[in-house]
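Participant: Listed below, chain by chain, are the residues.
There are 4 protein chains.
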Amino acid sequence: MSDLRVAVLGVGIMGADHVARLTSTISGAHVAVVNDYLTDKAEQIAAGLPGCRVVADPLDAIADPDVDAVVLATPGPAHEKQLLACLEHGKPVLCEKPLTTDVETSLEVVKREAELGKRLIQVGFMRRFDHEYAALKAMLDSGELGRPLVLHCAHRNPAVPPSFDSAMIVRDSLVHEVDVTRFLFNEEIIAIQIITPSANPGAPDGVADPQIAIMRTASGKHVDVELFVTTGVAYEVRTEVVAEKGSAMIGLDVGLIRKTAPGTWGGQITPGFRERFGQAYDTEFQRWVDAVRHGSSTGNYVDGPSAWDGYAAAAVCEAGVQSLNSGKPVEVTMVARETIAGA
Amino acid sequence: MSDLRVAVLGVGIMGADHVARLTSTISGAHVAVVNDYLTDKAEQIAAGLPGCRVVADPLDAIADPDVDAVVLATPGPAHEKQLLACLEHGKPVLCEKPLTTDVETSLEVVKREAELGKRLIQVGFMRRFDHEYAALKAMLDSGELGRPLVLHCAHRNPAVPPSFDSAMIVRDSLVHEVDVTRFLFNEEIIAIQIITPSANPGAPDGVADPQIAIMRTASGKHVDVELFVTTGVAYEVRTEVVAEKGSAMIGLDVGLIRKTAPGTWGGQITPGFRERFGQAYDTEFQRWVDAVRHGSSTGNYVDGPSAWDGYAAAAVCEAGVQSLNSGKPVEVTMVARETIAGA
Amino acid sequence: MSDLRVAVLGVGIMGADHVARLTSTISGAHVAVVNDYLTDKAEQIAAGLPGCRVVADPLDAIADPDVDAVVLATPGPAHEKQLLACLEHGKPVLCEKPLTTDVETSLEVVKREAELGKRLIQVGFMRRFDHEYAALKAMLDSGELGRPLVLHCAHRNPAVPPSFDSAMIVRDSLVHEVDVTRFLFNEEIIAIQIITPSANPGAPDGVADPQIAIMRTASGKHVDVELFVTTGVAYEVRTEVVAEKGSAMIGLDVGLIRKTAPGTWGGQITPGFRERFGQAYDTEFQRWVDAVRHGSSTGNYVDGPSAWDGYAAAAVCEAGVQSLNSGKPVEVTMVARETIAGA
Amino acid sequence: MSDLRVAVLGVGIMGADHVARLTSTISGAHVAVVNDYLTDKAEQIAAGLPGCRVVADPLDAIADPDVDAVVLATPGPAHEKQLLACLEHGKPVLCEKPLTTDVETSLEVVKREAELGKRLIQVGFMRRFDHEYAALKAMLDSGELGRPLVLHCAHRNPAVPPSFDSAMIVRDSLVHEVDVTRFLFNEEIIAIQIITPSANPGAPDGVADPQIAIMRTASGKHVDVELFVTTGVAYEVRTEVVAEKGSAMIGLDVGLIRKTAPGTWGGQITPGFRERFGQAYDTEFQRWVDAVRHGSSTGNYVDGPSAWDGYAAAAVCEAGVQSLNSGKPVEVTMVARETIAGA
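Residue numbers (the numbering used here), protein chains in the order written: chain A, 1262 to 1604; chain B, 1262 to 1604; chain C, 1262 to 1604; chain D, 1262 to 1604.
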């Protein structure tokens, strides 16, 4: 199967990240087209990617027959028109949140896709793909915790851009917890209340920060969310489900913590080397592939342990086996590295 | 730059994992050739990969002009001959540990590569690429902990195959801590002692498990390693450096824990959303690309939040902003999903 | 100074605990009088305590000239009358919560004590004395966290008696968090809302459990409390302060966890042996004193490590010092214990 | 039963701590006699304790008919003679470690006590009374972990007095782990080796710090201890038992952590309020008793929440119950505190 030819619309911070991701990390796709209202930015990015063109008009990029799929990282107000174009041309699209900037146009997009009879639009609520959220969801779906009752969330940013206002805390921060709630509980939210405690002295003038959101789902589950975007500390996203048979937390920087009968708390130990070191193997291979691809120009096809490292390990293990057999300390015998030119 | 054409020699558990990794995860490379002494196994794997051939003799695979690089996942005793062939044909090779099965042949391989004057051999000590080990190494290199003095390691497996013997605990388990020691301390190990406490009742007859390895480095640093391969619990790999100005531990399932003056312990909070959710974005994109590539046969180009999810989030946030402005609870207004056929 | 002669009124579960505490743990006081409306219970407890009498009427006990101070562990409805009697006779009183069962009588008690011009009444909000709450309070008072903004609490019981009703969750559970809020923030609570999510299937019929309390303090700080008294798991009391310069949590079974700039989380390591082992010393001494006091009847004046244990330690350390000097393993030389009759 | 009259011999840092402990914390005993070779120090301490005398000669103090029991906090070289005197006069004695300063005299003391036919000597290995060690011991004795195999210990001090030498690390620090090993495993240590890595740059000249002790018990269990007394960080005492069915650790500042099948790690949640708040109740009562005993001079018989605190809690809970019934936010009604003079 040939690689997917993707058009990335909008190459600001987020879009540029996605270009890099599709180029260096994702298998089976490459960036064929980039577009941005800042043409220079688009040109600059395309210049670094062999086989990537700039298309000046986002609608042209969507219509382009040599584009198989679209990533939307344009500003929210542009989404409606671009999403409808994707639907019109039958192009699958991964759309950064928000879908659109208001409820009516969002509903319109939903209806138009439904009329087409095939699903083309995915929205970028990436938390559903985070391994901790996935583990929490799996735990809930397994029934281990029984019926969920309450969800506590905290969403803390160290700082926000100067233009941030009170409503953006709802639209840009809370929106993630809205999706998390719907994802974890498989039901809609039917009521919401925003509480504004007296503000953090460090928040910009006039911005109500922190805020507390209180939500209620269709079946009566309670959700509370602390939103605090000027903590000065770090990026903390924490989620705790309290359920009929126990509770579970993620986001404490220590993996999923469960508290279940009979009175213990704790997490999971990695069951095997694949789970523990899967990331290490992936990184090792990617860095090796990259080194080999550039090897003809550098003369070095290695980015990691060398043959010498393999030799040294063999020498120590050899001595170890001798000690195992004799029960006595053993000196390690190795040639001096400098006696081998080039090693 | 065109994709690297890789030959994977040996497609047992490890080699098959690497084939999958190169195919679905790694960018810039694909598996062009597979080989195994079990020909059926190789045929079966090649059949699932478009453009992948079986080559019956591993040395032919190495010599093949349409192979750019080699992954060695064959049994250890085959490594020497295959590595020398890679050197002869100038093929970069990623060799699963051990380099070779004894010290003399390992040294021979080192010398031959040194004579070539370019580095072609990388050994698969993957822990150097693990994010916790990398963080620990970075911390040591930064000088924050001062001079390292002692290294405590534990290497625990829940179980091992029936054929495991006492020396394999040294050669196959301890070998990783040998490399970790050399990696973290940048110096050679000069002496080793293996202590065998009374054995775990659950260990196979005659196998000395657990074992304690005591090592000393050139500059006099002490390393101890608990090796215990029949714990029945889980896979635990723990490493603690004790240094002049504090200590740091990894492998407690809670990230890197540092203990430094003035008397606090703790870890790092994720500084931003890229660090916290980078993996989520990667997974999101890979799954979306995969869904889109198969969309023409399934009619579904989405594997994640749908347009409806975007609409629902918009509706809740809209109500949230109303509550923010009014200070009162607000009901969420949404159309019923079943009124839109296909949504 | 002679011991305080205390009257304990009410010797149910709580009162009986307090009798034991005053007898075996607290220095400088003993139980001189017990009283309970179940006279048998009181008689039984008094019989086990040399010098302790039963007084049938609680008001007589309060008035008794041989009673220096009173502990009130009677049911709440009895408190008003008994507290007023304590004030009348000038007797210091430690009163289990609630002060009285309604606001008007509580205020009356406050006024009567104020008229006396000396403080005689202490209320049993024991959390203020818990080392974690004390550490959290000290941290807030130190200014390290800046201005507190939000308080998140959880109060979970594994189960409650069958007679528990929805209002008791407020009066008997929430009351502790009410006091904790006032203690930590040094200000009054000015508004409260109780939210009742759909109930835990395991809660008794008609009992709204869990409940969420939302409170606001005079200066606008937000407090939320999850109250959940039928979790089936364990007793969990958790408190997190979110403040201008960071946050801190207690009750995660891991001591006080602080999250402060620049992006780290963690706790305090015990600074010295007194802090680490103070409890051990106290327990050691109390058990030794108890053993010695009963030694004449048992012939054993020891409840801990014996002379033999001291000898064995000396033998090992002696060998250790030899090894330190020689750099070689040393066998430990000890006589066989059975060669010394009675050792 | 009347209070035990205790003679404390040696009132340096440790002895003075024990005097305070017996006076303010321990129930059923008081300090009747103090002694120190620095007579001024003894006089000063006795002056602050009603009913406490100085006795100039420690042997006179032991022989004193008005002394029921002895605490030995004198220097180690004085122990032998003083312990033998305690045995001669039949006085129970709690002796700070070491029992005596060499193996021969320790054995002599053991024999003399054995001849008496009653146990009078307890040695101050206080770790056996620490709640974490007690929990670890209980876990081992329960059989939950199966047969113990390996013990890893770390003993770290931030700093030591200038006079500290290499042998004191064995005699004064390791001695605790020697006793812990014997306590946890119920068997003797039969061999020991001290390893001296290259020294911490911050250690005093000529002091071998850190040291690694390797010990073997009678049944073949392995014990290793890192001893490091100039860490500059904090006081850390850590112990991990690795056993047939899992492992358990204490001393990580997070309580006992167990790792047992099927692959989870974690701790225990406090089962109930007595376990969670027992210390708080004890502290509450002790501070209340102390306040009441001094109340006649201060006019204040309270050291904790006041009647006003009880009233405020009642007012908030009253409003809470109204909100529970109405489902609406409720303002809290309270009188202003300043309207009640003296409240």
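If you're looking for bench data, these hints aren't it; they were derived computationally from the structure.
Be careful, since some hints might not be right.
Which copy is meant is left open, so a pair is good if it fits within one copy or across any two.
Computed cross-link-like contacts, EDC-like style, restricted to lysine to aspartate or glutamate with a CA-CA straight-line distance of at most 20 Å [what the hints assert, rightly or not]: (1) Lys1398 to Asp1543; (2) Lys1372 to Glu1599; (3) Lys1398 to Asp1564; (4) Lys1398 to Asp1264; (5) Lys1379 to Glu1349; (6) Lys1379 to Asp1564; (7) Lys1589 to Glu1393; (8) Lys1506 to Asp1466; (9) Lys1379 to Glu1599; (10) Lys1398 to Asp1327; (11) Lys1342 to Asp1321; (12) Lys1379 to Glu1341; (13) Lys1342 to Glu1365.
Participant: All the hints need checking, so say for each whether the structure fits it.
Facilitator: Hint-by-hint comparison with the structure:
Proximity of Lys1398 and Asp1543 under a CA criterion of 20 Å is satisfied inter-copy only: 19 Å between copies versus 25 Å inside one chain copy. For the homomeric pair Lys1372 and Glu1599, the shortest alpha-carbon distance between copies (11 Å) is at most 20 Å, but the shortest distance inside one copy (72 Å) is not. With identical chains, the CA atoms of Lys1398 and Asp1564 are at most 20 Å apart between copies only, with a shortest distance of 16 Å across copies and 37 Å within one. For a Cα distance limit of 20 Å, the shortest separation of Lys1398 from Asp1264 qualifies neither inside one copy, at 32 Å, nor across copies, at 37 Å.
In this assembly of identical chains, Lys1379 and Glu1349 lie within 20 Å of each other by CA distance solely inside one copy; the values are 12 Å within and 54 Å between copies. In this assembly of identical chains, the alpha carbons of Lys1379 and Asp1564 lie at most 20 Å apart only when taken from different copies (13 Å versus 45 Å within one copy). Neither within a single protomer nor between protomers do Lys1589 and Glu1393 lie at most 20 Å apart by alpha-carbon distance, with minima of 47 Å and 33 Å respectively. In this homomeric assembly, Lys1506 and Asp1466 come within 20 Å of each other (Cα to Cα) only across copies, at 17 Å, whereas the closest approach inside a single copy is 44 Å.
When the C-alpha separation of Lys1379 and Glu1599 is checked against a cutoff of 20 Å, the pair qualifies only between copies, where the shortest distance is 16 Å, while the shortest distance within a copy is 65 Å. Taking identical chains as interchangeable, the C-alpha atoms of Lys1398 and Asp1327 are never at most 20 Å apart, the minima being 38 Å within one chain and 45 Å between chains. For the homomeric pair Lys1342 and Asp1321, the shortest alpha-carbon distance inside one copy (12 Å) is at most 20 Å, but the shortest distance between copies (56 Å) is not. Only within a single protomer do Lys1379 and Glu1341 lie at most 20 Å apart by alpha-carbon distance; the minimum there is 18 Å, versus 55 Å between protomers.
With identical chains, the CA atoms of Lys1342 and Glu1365 are at most 20 Å apart within one copy only, with a shortest distance of 13 Å there and 65 Å across copies.
In terms of the numbered hints stated before, the structure departs from hints 4, 7, 10, listed from lowest to highest.
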